[in-house]
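Student: Required output: the full structure, derived from the provided sequences and hints.
Chains as they are written, first to last, in this note's numbering: chain A, 1 to 315; chain B, 1 to 302; chain C, 1 to 666.
Hints were generated in silico from the structure; no laboratory data involved. In this text, a Cβ means the ideal position worked out from N, Cα and C, and glycines have one as well. Mixed in with the good hints, there may be bad ones.
Stated by the list, open to error - Partial chain A-side listing against chain B, Cβ under 10 angstroms, derived:
hint, residue
1, L30
2, I140
3, L150
4, A249
5, S275
Unchecked claim - Derived DEER-like restraints, expressed as beta-carbon distance ranges:
hint, chain 1, residue 1, chain 2, residue 2, range
6, B, E267, A, R49, 50 to 60 angstroms
7, A, V21, B, G162, 16 to 26 angstroms
8, B, W57, C, E19, 56 to 66 angstroms
Read off the chains here:
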Amino acid sequence: MPGFLLNRALQYLLTAAAASVIVFALMQLLPGSAAQVALGTEATPEAVRALEAQYGLDRPWPVRYFEWVGGMLHRDFGTSYVTGAPIAPVIADGIQVTLIVVIASIAVALALAVPLGALAALYRSRPLGAVIGAASQVGIAVPSFLAGILLVMVFALGLRVLPASGWAAPIEGLGAFASHLVLPVTALALVQAAILTRYVRSAVLEVMGRDFLRTARAAGRTRTGALVRHGLRSAAIPVVTVAGVQLAALLVGAVVVEQVFVLPGIGSELVRAVSNRDLVTVQGIVMVLVLAVLVLNFIVDLLYPVIDPRVRRGA
Amino acid sequence: MSSVPAEPAEPAVAEPAAPAGAAGPPALRRRRAEASLVIGACLVGLVVVLALVSFAWTPYEAGRAVPADRLAGASAAHPFGTDQYGRDTLTWVMCGARIALAVGVVSVAIALLIGVPLGVFAGMTRRGWLGALVMRGNDLLLAFPALLLAIVFSAVFGPGTGPAMAAVGIASIPGFARVARAGTLQVMSSEYVLAARAANRRPPAIALAHVLPNIGGMIIVQASVSFALAILAEAGLSFLGLGTQPPTPSWGRMLQDSQQFLGSRPELALWPGLFIALAVLGFNLLGDGLRDRLDPTLRGRS
Amino acid sequence: MSAPLLRVASLRVHAGPAELVRGVSFAVAPGERVGLIGESGSGKSLTAAALMGLLPEGLRATGDVELAGVRGNVLTRGERELARVRGRAAGMVFQEPMSALDPLMRVGAQIAEALVLHGAQRAAARARAVEALAEVGLPDPAAAAAAYPHQLSGGQRQRVVLAIALANEPRLLICDEPTTALDVTVQAQVLELIRTAAARPGSGLLFITHDLAVVAEVCTRVLVMHAGEVVEEGPVGRVLTAPAHPYTRGLLAASDLRAVDERGRLFTMATAPAYPAGGAAAGGAEGTAARCGGGAATGDAGGTGVRGGGPETAQEAGPEAVHEAGTEAAPAPVPGAVAGPASVPSAQPTTEQSTGSSSVLASELASGTVAGTVAGTAAETGPAAQDSPARTSGAGEGTVAAIEVRGLAKAYRRTGRGILSRGSEVTALAGVSFCVAAGARFGIVGESGSGKSTLLRILAGLEPASGGTATVSGVDVVGAGEPALRRMREDVQVVFQDPFASLDPRMRAADIVAEPLLAQGLSTAERRERAARALSDVGLSAADGQRYPHQFSGGQRQRISIARALAVRPRILLADEPVSALDVSVRAQVLNLLTDLADRYGLTLVFISHDLGVVRHLCRDVIVMQGGRIVEAGTVDDVYERPQHPYTAGLVAATPDLARALARTR
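Tutor: Rendered as structure tokens:
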């Protein structure tokens with residue numbers, strides 16, 4: 001088991017290192033320098049050169065790369081060329097909001113998808129199964145920002161029971177915090193639940209054909225009893241895999257949904273930075289998002305040995 | 001953004017087709033597959049027809065804005081109403097289909113042309129490190145979902161449809177590579193490939209005669225699912241204002257513009273939203289239907 | 001007589017409008033061991049599943065099933081009620097032990113669960129589970145209880161499944177092909193265990209299998225199922241010696257690998273009427289001594305190809321038959337005898353057996369008659385012989401070895417699962433040496449993991465070896481470059497095990513057969529003609545060539561596979577368990593086909609199998625492999641009648657044998 005974890009941790013570290021190279025390299029693809037972009041096309045060459053010197057952009061790229069990475073390891077993401085302010089606090093504030101939304105969403109999505117998917121599998125040749133199947137198929141087709149817009153129409157503008165936008169930190173009162181959280185989380189979770197329901201359904205269907213359920217039934221379990229006691233845990237293995245992959249999608253989905261609900265998350269900062277052509281900030285935020293994806297996936301990986309004894313032995 | 005998963009991590013998870021034994025009577029599955037196929041094809045057909053017709057005819061010119069008619073409701077002149085500049089919503093919905101399809105076609109083409117050969121090669125080569133490299137590359141790209149990569153491209157190259165297509169296409173490569181590699185590994189481990197090798201067939205011939213025909217079905221399914229993914233990614237990007245730029249009509253952009261009028265003119269959001277959903281649903285259903293149709297265990301059993 | 005444990009009356013299983021089991025009736029009384037035999041698709045497994053309400057979804061059972069301890073008709077009970085019955089009134093064991101246990105749960109917990117389900121206390125159940133594991137003969141029951149299924153072997157897992165089935169001491173035990181997936185030595189142990197379980201006072205056994213020998217070893221009474229119906233029923237001794245129904249007779253004839261017709265071929269369903277019913281039992285009664293002298297002598301001296309039939313065959317078939325065989329079947333060479341003087345006395349460095357060294361080669365005794373036979377063969381086979389002058393002359397002079405293997409070794413690295421792990425070295429072959437004479441039929445026998453399939457792949461140039469030499473058709477495949485391997489492969493073809501996996505599902509039969517010709521640079525017309533000829537050689541029509549693999553039955557697919565191998569006119573045919581996935585009746589046909597073609601084209605046949613009987617029928621010489629080594633080598637008769645190595649002796653003893661089993665019942 002420690003071997004397995006060590007291996008995975010090492011793999012993720014390597015992936016993170018490679019990702020940082022890619023993010024950094026992408027930013028270097030920019031026609032013209034970051035200083036040029038920040039100052040706009042009207043800037044005099046002298047001004048550009050001055051800014052380059054100020055931020056050390058005139059140095060060779062390996063130096064700048066390692067400086068960037070080294071800074072991040074000390075929680076220093078550099079300074080925005082556009083606003084002149086340090087980037088780290090902006091990221092720190094934003095990522096909190098985003099992670100709260102994302103983790104709440106995946107929890108809600110799983111809470112919906114697991115029972116619905118299992119039901120869809122059990123009742124696959126009956127109306128209930130068909131209804132769940134159709135609903136999930138439609139749910140997948142609705143992007144989360146559209147779901148957000150529809151929710152706002154109904155619950156904020158129509159029924160006026162929930163705020164249409166904005167954010168309240170937990171310190172400002174749990175009621176306000178929760179009420180601002182409901183719609184964005186629902187928007188993300190519904191769509192995610194639709195996707196996961198289909199995976200849960202196919203995983204459960206696959207498990208239902210396994211021989212060991214028949215063994216359990218032959219020993220005295222009912223069909224449903226055997227599935228609950230033996231099947232669901234096996235079905236969890238592929239579902240966990242997919243949920244891990246989906247976390248990345250969810251994180252990026254949050255970026256868009258934050259726009260719908262005007263949440264002060266990292267996504268809003270990212271969009272603002274892209275619009276302002278504030279590349280250093282974009283670079284930092286993207287790296288943090290990628291790291292978040294990797295860390296969340298690593299946490300998901302920790303579940304495998306818990307579920308599956310065959311992994312524990314693994315080197 | 002939430003989207004159809006770019007690629008299920010394990011081939012075993014590869015959605016919905018459960019193994020024959022568990023999936024109920026094959027007849028039922030066949031009927032469902034037929035239904036998915038027909039509905040999916042109809043929806044995709046609708047979007048394609050809208051896009052094609054828009055080149056020849058639209059109710060109004062896309063750029064024509066009549067301020068006097070702004071924010072009008074449905075009428076004979078404007079079946080879908082007009083937006084805040086007095087532009088015809090139906091016209092924009094039709095022209096928006098072009099962008100959606102264009103992004104889908106180009107990005108799927110990029111991903112397919114790069115991903116499939118990569119996956120097949122990785123699956124056929126006996127050099128383990130190459131397969132490992134492809135898989136690690138996959139892991140890496142999984143951390144960059146299509147939309148995130150598109151945002152980065154937009155930041156670097158400026159917003160626009162082109163960078164969006166490229167980014168979505170690149171982000172979709174791992175999906176194709178992974179499916180192709182998994183399928184290739186399966187084919188390569190089969191006895192008929194062993195027989196072909198025993199019959200002195202060379203690797204390129206084996207790839208063409210055995211591997212590609214047998215993974216073709218998987219690739220087609222992956223393509224239709226990726227197509228849906230691309231439409232979603234483009235819509236999300238345009239919704240953020242980082243994708244297709246005005247004055248080119250796009251569904252995501254229309255949704256963004258509609259946000260200020262949600263209280264008064266909700267249909268401004270509903271129409272583009274409906275078509276995004278229909279297009280994505282169409283491609284997903286098509287993929288599902290094809291998956292079952294191309295499943296040899298369901299074929300020719302009747 | 002006490003009330004039956006199980007009474008089934010007109011049981012039917014429906015799949016929509018189709019009826020898969022059509023009115024089956026039988027009973028199992030206490031103390032009875034009832035066998036249900038049939039080929040795939042006969043409905044035998046569905047019958048068993050229906051008894052316990054375990055039919056796959058979409059299937060529906062009607063009729064009347066009464067089980068001791070359950071009131072009324074089992075088939076009308078709901079799932080909840082049935083669950084209470086299952087495991088308590090009757091326990092069930094299934095075919096596939098590798099997947100029959102929950103992989104995520106400890107073995108002991110799975111047995112304890114069965115007990116708790118029927119009212120046991122949790123702590124008591126846990127203790128009882130360890131006892132149950134001891135009862136099914138697991139060496140360290142406490143450790144086994146704490147193990148996960150993947151840590152146990154197939155045989156051990158089947159013991160665990162048996163422990164679960166017996167946990168609540170049901171009076172009836174239902175076993176559905178419980179040993180089909182197991183190696184013979186393990187099978188013998190599990191069968192013994194099942195016999196013991198069924199011998200508990202007042203209990204009964206329902207045993208489903210396709211294997212007549214197994215049923216004879218285990219059961220007292222037998223039902224024969226065919227196409228959803230029971231066609232014959234009676235005591236094992238009677239049904240398997242004096243079958244009343246033609247289907248039973250056909251089954252019996254086709255599964256008897258010792259009886260051959262006047263052409264030296266196995267009996268099939270079609271030729272079954274000529275099969276001397278009861279021959280197997282008679283042979284068994286007389287013991288094997290008669291066979292070893294008579295069988296070999298008849299075959300070789302006559303040069304007729306009537307081998308292994310033993311005196312019974314001759315007796316029953318009458319003198320005319322023998323005479324006819326003598327003349328008509330003359331071209332059939334005595335397999336392996338061709339090797340005769342070609343004997344290259346081979347030292348076998350790795351075998352402990354000194355006797356193994358020369359026994360690969362035909363005995364001196366045979367060489368005299370052989371020369372004549374070979375000459376005859378060469379003359380009669382005509383074109384095939386001309387195709388390969390080397391073989392003909394070689395056989396005449398007796399110096400050509402088609403395959404010569406010296407100290408062949410294969411080790412591969414099991415890849416580690418992560419960046420840090422190096423993976424472990426696994427030895428598949430450890431110094432294997434043998435020699436196959438041109439034109440011989442050579443058997444390689446071994447259980448799973450013996451390295452026999454790896455050996456075949458190395459010989460076919462499909463997998464690299466890590467040491468030694470293996471000269472196949474003049475090319476040393478170890479360390480040979482691709483061009484040399486390509487040249488070698490033109491002479492060597494392979495028939496694979498699985499008729500469903502060895503044909504590309506997206507190619508037409510004719511294209512499949514023509515595929516090997518593509519590499520030979522033949523014209524399209526030539527390819528088409530050769531493919532058509534190959535198809536007709538295996539008894540398929542030109543129209544069949546336009547069909548896809550899934551449109552053929554298993555036996556037909558294997559014919560296509562054979563046609564593909566023969567299309568290039570190889571000199572050596574490597575066959576990897578080509579009949580192990582086939583039903584008995586089809587098996588006989590395919591084996592006969594292989595024999596016919598090997599004769600007609602003068603092929604050197606290397607035949608790999610786990611089944612001693614098949615190899616004994618088909619081959620002259622055999623090597624027995626275990627754990628990557630040859631433990632014994634010699635002529636089939638020597639190896640089977642006088643095994644020198646304990647492993648071989650165990651293998652022979654463990655192989656279910658109809659005649660022996662019937663002799664024992666009497």
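Student: Each hint needs a verdict: does it hold in this structure or not?
Tutor: Hints, verified against the model:
{"no.": "1", "hint": "L30", "verdict": "holds, 5 angstroms"}
{"no.": "2", "hint": "I140", "verdict": "holds, 6 angstroms"}
{"no.": "3", "hint": "L150", "verdict": "holds, 7 angstroms"}
{"no.": "4", "hint": "A249", "verdict": "holds, 5 angstroms"}
{"no.": "5", "hint": "S275", "verdict": "holds, 7 angstroms"}
{"no.": "6", "hint": "B:E267 x A:R49: 50 to 60 angstroms", "verdict": "holds, 53 angstroms"}
{"no.": "7", "hint": "A:V21 x B:G162: 16 to 26 angstroms", "verdict": "holds, 25 angstroms"}
{"no.": "8", "hint": "B:W57 x C:E19: 56 to 66 angstroms", "verdict": "holds, 60 angstroms"}
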